[in-house]
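Novice: Using the hints provided, position chain P relative to the given structure of chain C.
Going down the list, the protein sequences come from chains C and P. Each residue of the first sequence is one higher than the one before, starting from 1 at the first, in my numbering. Each residue of the second sequence is one higher than the one before, starting from 1 at the first, in my numbering.
If you are wondering where the hints come from, they were derived from the structure by calculation, not from laboratory data. Please read all numbers here as calculations on a predicted model, not as lab measurements. Virtual Cβ for every residue (Gly too), placed ideally from N, Cα, C. Possibly wrong hints are sitting among the right ones.
What the hints assert, rightly or not - Derived coverage of chain C by chain P (criterion: at least 3 residues anywhere in the stretch with Cβ under 8 Å from a Cβ of chain P; other residues may be distant):
1) 113-121
2) 138-148
Stated by the list, open to error - In silico SDA-like cross-links for lysine to any residue, where the CA-CA straight-line distance does not exceed 20 Å:
3) C:Lys3 to P:Gly336
4) C:Lys3 to P:Asp341
5) P:Lys8 to C:Gly138
6) P:Lys8 to C:Arg175
7) P:Lys8 to C:Lys124
8) P:Lys8 to C:Gln176
9) C:Lys3 to P:Pro20
10) C:Lys141 to P:Asp341
11) P:Lys8 to C:Glu142
12) C:Lys124 to P:Leu33
13) P:Lys8 to C:Leu171
14) P:Lys8 to C:Gly166
15) C:Lys124 to P:Pro20
16) C:Lys3 to P:Ser342
17) C:Lys3 to P:Gly5
18) C:Lys124 to P:Trp343
19) P:Lys8 to C:Val169
20) C:Lys124 to P:Ser34
21) P:Lys8 to C:Asn178
These are the residues of each chain, in order.
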Amino acid sequence: MPKVISVHSYRGGTGKSNLTANLATTVAQQGYRVGVVDTDLPSPGIHNIFDLEPEVMTKTLNSYLWGEADLADGAYDVGRNLNLGKGGTLFLVPSSCKADDIARILKDGYDVRLLNDGFRQLVKTLELDYLFIDTHPGLSKETFLTIAISHCLLLIVRPDKQDYQGTAVTLDVARQLNVRHVQIVINKALACLAPEVLRQKVAETYGVPVAGLFPLSEDIAKLASEGVFCVRHPEHLVTQELQAVARRIME
Amino acid sequence: MTSTGELKAFADSITAATSPFRNYLSDLHREYLSLTEGTVADYIPELALADPQWFGIAAATVDGQVFEVGHCDQPFTIQSISKAFVYGLALEDHGRDYVNSKVGVEPTGEAFNAIVLDEATNRPCNPMVNAGAIATADLIKGKDGTERLKRMLDMFGRYTGRSHDINVPVFLSEKSTGHRNRAIAYLMLNFGMVSDRIDETLDLYFQQCSILVNARDLSLMAATLANGGVNPVTGDRALDQRYVQDVVSVMLTCGMYDSSGDWAYRVGMPAKSGVGGGITAVSPGKLGLGIFSPPLDAKGNSVRGIRVCQQLSKDFGLHPFNVAPAPKDLATWLMGSADLDSW
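So that you can see chain C by itself, here it is in the shape it has in the complex (with noise of 0.2 Å):
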């Protein structure tokens, strides 16, 4: 039965789609068949991860859900340069980031449902094992759709006030959806504040499980220039955490 793994923060700049794209290819690496798709449609940026050059990216989200095309034309294989091993595979789904097609999206919105639809096409169509998706912050249509049909909802959190009362309304609203399986990932943890202790406060807080944390360091900032972190530093102290997140995922 294919997985879906929502990732999802309510404020911007929390490593949102770093982490998908580490999740994505720790979980490709395990000889999985796995898909992402950016619904960041009024500011995509996970193919920058993935080194998918704009101009290639001739059929995207915004294609399929103006219907000119299936969701899985949009597919690129972007497994294929990671060297990813044990048959695994790696496909993403980028939203253009034409400023005419965001404009497009934004002055006409789309029918929500063409969404739903479209990750199960392109699940049956990709013989995926994993669906991540990538999402726009805070919450909106997409959002409570995509936190709906995961079997697995990722939440970040950077340990500030702002970002854990945001936590909180994604959680009634998760709750309210019904969604089985809600883990909150910290990013971008101080040094100063003690990982497990921190790990512990929020997991109470919330009531929800903590299936990562991630310090605030220059090696992650590097991330987003660099392409996916866990290919170029298999052996980092991040790369160990990515993998344990993934195991928690994958259970």
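Specialist: Same frame as chain C, but now just chain P:
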């Protein structure tokens, strides 16, 4: 932080969009979209404008959940589907005995536009053939044509929860080409079966066929009947509960033109079709279906609509006389469950 009604309402609309049952409907839609049999009605030019690719499936449950796939907002003319619902209004206006004295309830193997009346009673066979529908329209109360039309439109609005208009070009075309219907009406006038406000009644009949609806509306109309006459979304009563069985039973016996017997055998859900491509089908106590797809078979029923109803009836055991366990349990598919893989 606590959830407000707004959050719940929006969350419910999202869970309906992502529920296993909608996923099922979505697969059904995809499967039958490639079915290209049938032809779009073209006896008046406006109907021929319909795109054969239009295809919407809507289902509304008696607890008010609405599931939609495809072209569920595309307006089209209700055509013969109106007949079942106007029959309900006539029953409310006059009661069962009087209505029965004017229109029979016997299915006919004749075509829907046959010029046939019962030899002994001079009544048209049933309210679903044109003769019976014109006699039924004649029974709609109101001081003039405007008020009678308004009462009809208001009635449809109670079924669907929104206001309705007629498509004027379709109405005018139906009127200018409706010689056969005029002949039927005058034959009934000759036998004293309809009142002498015959032009007004014919206009009303052509107008009722030209009312604009969509697949979602049809699902809510059927769900209202399935729910004992009360719209499950708005809570408004659309039909006196005494007459729900009258309307639903003539749909079962006469609703699918002259393939009603075959329909009752294979599908079993009381239903009514129209040449605009719509089908509304009732699963009493459970749900209502509205399907829209313009290509019609030789008998005038939507080809995709029939197949969708057959499949749903089979998969969820919606035939009212079915007692064998269905391959899929409706309640589970509506509610969702951890073990259910609809992906």
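Novice: Run every hint past the structure and note whether it holds.
Specialist: Here is how each hint holds up against the structure:
Using a Cβ-Cβ cut-off of 8 Å, 5 residues of the segment 113-121 of chain C lie near chain P, which meets the minimum of three, so the contact claim holds. Closer than 8 Å: that is the beta-carbon criterion, and the segment 138-148 of chain C has 4 residues meeting it against chain P, so the requirement of 3 holds. At roughly 16 Å between alpha-carbon atoms, Lys3 (chain C) and Gly336 (chain P) fall within 20 Å of each other, so this suggested pair holds. Restraint check for Lys3 (chain C) and Asp341 (chain P): the C-alpha separation of about 10 Å stays at or below 20 Å, so the hint holds.
Of the pairs offered as hints, the one joining Lys8 (chain P) and Gly138 (chain C) holds, with about 18 Å between alpha carbons and a cut-off of 20 Å not exceeded. Of the pairs offered as hints, the one joining Lys8 (chain P) and Arg175 (chain C) holds, with about 10 Å between alpha carbons and a cut-off of 20 Å not exceeded. Distance hint between Lys8 (chain P) and Lys124 (chain C) is unfulfilled; the C-alpha atoms sit about 31 Å from each other, more than 20 Å. At roughly 7 Å between alpha-carbon atoms, Lys8 (chain P) and Gln176 (chain C) fall within 20 Å of each other, so this suggested pair holds.
Distance check on the hinted pair: Lys3 (chain C) and Pro20 (chain P) sit about 15 Å apart at the alpha-carbon level, within 20 Å; holds. Only pairs whose Cα atoms come within 20 Å are accepted, and Lys141 (chain C) paired with Asp341 (chain P) is rejected, the gap being roughly 24 Å. Between Lys8 (chain P) and Glu142 (chain C), the direct Cα distance comes to roughly 16 Å. Compliance with the 20 Å bound is thereby established for this hinted pair. Between Lys124 (chain C) and Leu33 (chain P) the CA atoms are separated by roughly 18 Å; this keeps the pair inside 20 Å, and the hint holds.
Taking the CA atoms of Lys8 (chain P) and Leu171 (chain C), the gap is near 14 Å; set against the 20 Å cutoff, the hint holds. Of the supplied pair hints, the one linking Lys8 (chain P) and Gly166 (chain C) holds, its CA atoms being roughly 18 Å apart against a limit of 20 Å. Between Lys124 (chain C) and Pro20 (chain P) the CA atoms are separated by roughly 15 Å; this keeps the pair inside 20 Å, and the hint holds. Simply put, Lys3 (chain C) and Ser342 (chain P) have alpha-carbon atoms about 11 Å apart, close enough for the 20 Å limit, and the pair holds.
Restraint check: the Cα-Cα separation between Lys3 (chain C) and Gly5 (chain P) comes to about 30 Å, which exceeds 20 Å; the hinted pair is violated. The straight-line distance between the Cα atoms of Lys124 (chain C) and Trp343 (chain P) is roughly 8 Å, inside the 20 Å bound, and the hint therefore holds. Between Lys8 (chain P) and Val169 (chain C) the alpha-carbon distance is near 13 Å, which keeps this suggested pair within the 20 Å criterion. Among the hinted pairs, Lys124 (chain C) with Ser34 (chain P) is consistent with the structure: their alpha-carbon atoms are about 18 Å apart, no more than 20 Å.
With a CA separation close to 11 Å, the supplied pair Lys8 (chain P) and Asn178 (chain C) stays within the 20 Å bound.
In summary, the numbered hints that this structure violates are 7, 10, 17.
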